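Keeping their order, the protein sequence lines are chains A and B.
Following this note's numbering from start to finish, the first sequence increments by one per residue and tops out at 353.
Following this note's numbering from start to finish, the second sequence increments by one per residue and tops out at 706.
Sample of chain A residues at the chain B side, in silico, Cβ under 7 Å:
1) PRO9
2) ILE258
3) LYS264
4) ILE311
5) GLY312
6) ASN330
7) VAL352
Derived Cβ-Cβ restraints for the label pairs, each shown as a range:
8) GLU591/B - HIS185/A: 52 to 58 Å
9) ALA585/B - THR236/A: 42 to 48 Å
10) PRO527/B - GLY137/A: 45 to 51 Å
11) GLN77/A - GLU376/B: 48 to 54 Å
12) LEU368/B - GLN77/A: 38 to 44 Å
13) GLY608/B - THR236/A: 40 to 46 Å
14) GLY255/A - GLY544/B: 30 to 36 Å
15) ASN492/B - THR236/A: 30 to 36 Å
16) ALA337/A - GLY478/B: 38 to 44 Å
17) GLN534/B - GLY255/A: 25 to 31 Å
In short, the hints are calculated from the structure, not lab data.
Just so you know, these numbers come straight off a predicted model, no measurement behind them.
The beta carbon of each residue, even a glycine, is placed where N, CA and C say it ideally should be.
Protein chains: 2
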Amino acid sequence: MYIDDLDTPVLVIDLDALEHNLERYQRYFDSHGIGLRPHIKTHKTLAIAARQLAGGAAGLTCQKVGEAETMVWGGLQTDIMIPYNILGKPKLDRLMALARQTRITASADSAHTVRGYSTAALEWGVTLGVVVELECGHNRTGVATAADALALGKLIDSLPGLELRGIMGFPTPPAVRPFLQETIHAFERAGLPCPIVSGGGTPYALEAHLIPELTEYRVGEYIVGGEGHLRAGRHTVEECALRVLATVVSRPTEGRAILDSGSKTMSASTIPVGDGQSMGFIVEYPDARFYGASEEHGHVDVTACVRKPQIGERVQVLPVHLCPCVNEHNEIVAHRAGRVEAVWPVLARGKVR
Amino acid sequence: MYIDDLDTPVLVIDLDALEHNLERYQRYFDSHGIGLRPHIKTHKTLAIAARQLAGGAAGLTCQKVGEAETMVWGGLQTDIMIPYNILGKPKLDRLMALARQTRITASADSAHTVRGYSTAALEWGVTLGVVVELECGHNRTGVATAADALALGKLIDSLPGLELRGIMGFPTPPAVRPFLQETIHAFERAGLPCPIVSGGGTPYALEAHLIPELTEYRVGEYIVGGEGHLRAGRHTVEECALRVLATVVSRPTEGRAILDSGSKTMSASTIPVGDGQSMGFIVEYPDARFYGASEEHGHVDVTACVRKPQIGERVQVLPVHLCPCVNEHNEIVAHRAGRVEAVWPVLARGKVR
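The following block holds chain A by itself, in its conformation from the complex:
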């Protein structure tokens, strides 16, 4: 069977492009002595996680306990980091059950989170690794000063059931190096261990070597690209492995085409392109602008296209942001040069807990 035989919309992955991306990023991180810890939130599948580990990854990153459970119970008993404040007895119990089976490191940015980890680890009789999360400019979670990081590190180091494993941040452009250095030095002066210095994010992945202190790096979309990475020059069209196959269902005006792929298929993510927004790059019509969507309709401006798509025509679309896009789908069809090799269930889809 070929992908041209599949009904649309459908999410397909080009195995040649996937393998190429896996290899080129693994080679980069290997060459700089930085551990590659792929984030499974991008693909949410056992199949790709297993390939990442087989290719030399130092472990996996999962964003929620349910994602880590999917990996571990799926047979990938590897070293897993969950860079998230995990709170409340139901999740802490599940986290400790995982820590019994494999090496787990969670993050914390508050004493509340750290104390919860310790209480649960004691109750379960396990050791949980903990890293202090640093605020690195995303204005999300994380402590904002080296002094706060040190105080939290001391607390982690002092509490039973916990093993202080260092620090992490997101994102980690080269500009955050001074904050990382200051924190590392504070830990050193206090005699605290800091074996892990973990950076993250695809946009700065190939600049990780500019922060020599990094021991490992969390990265998700490197394997598949997407319109944002294409336009930023990080991936070529050919390297954008994960695509939505769509069909033109309406041409209501000369300048507008409607795809069967709206926000429920593409995700609602957009990037600025020109003086507007884009929800996807249409490979066959690079001059088209996928400017908006409702849930089941993709709205495309085809004014600039010399040849215009016709009703019933199929196109390949590179989504803007693959992580939420994959989360909309139950399966990914894996192919090589268009020939279907496998259908992968998106097992970690929707794991919000």
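Given the structure of chain A, go ahead and fit chain B onto it with the hints provided.
Below, chain B alone, put in the same frame as chain A:
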């Protein structure tokens, strides 16, 4: 079990509020002699669709063939409209199989779509109802003039296997009445039947009577509200039946709280509030501003809150747009006054085909 016992994030529905909304909208449409054809894309569950039908709905609306299959094979062999151009043999075969089992009406805005319907209906030996879609200001699909609608109506009426059932549009504010009237008159003059004049959209639902030509109305979010409907005065907080239970996982600064519910839980939908955007209304903290999110983090500005939420505290959040929010979840927990009565699978989740 009570919803306070559920781990977060979790989507819960208040049965009292749901039943209240079902009744008040059914009463409105009954009083004006307009058929209520609820759109199942909002809830995607058999449980709510069955209640809508039991309460007096004239049938259901589904946006994709897979949604209609979920309803029909789930036992709800009711009158279903799919207001979408359905193209390609795989979907047309499934559509005709449904039309063998129950009354189905699909829409079309092109001769291409209409001819596909006729060919498939002939092959399957069934009759498919077809309505002409009118462009009603959304700049999405639909023909833009009464003359184009008439031409398409004539084609539908002339082709075997099809039954011309009238016209539909989305959205249908009172301002579109002249276009509807002009099209109806054109059909009348040409001797074409037009038994269905179908409007749609929750924002204008309670103004449907201002277009007396409407025979039926498609509406989804009326049953559950949401922050947009709350701020527009269409639903009170109490009438917002569907909520995300979330936990505060971080308070990195005095003014910021982070919830365990990001765009993967809430959907990425936003509405303008004040000089920014909102991704949800926090019931316990009406002065807070849920101003942004990453996939697993909800970013909340709590500067304006006199009492501020603490780490570990649980809150109820009214999402902005419930249709994409529900599509992120595998189940909805139904409760009455906090006591859990059922867990409903979101069976039509992810039905993009």
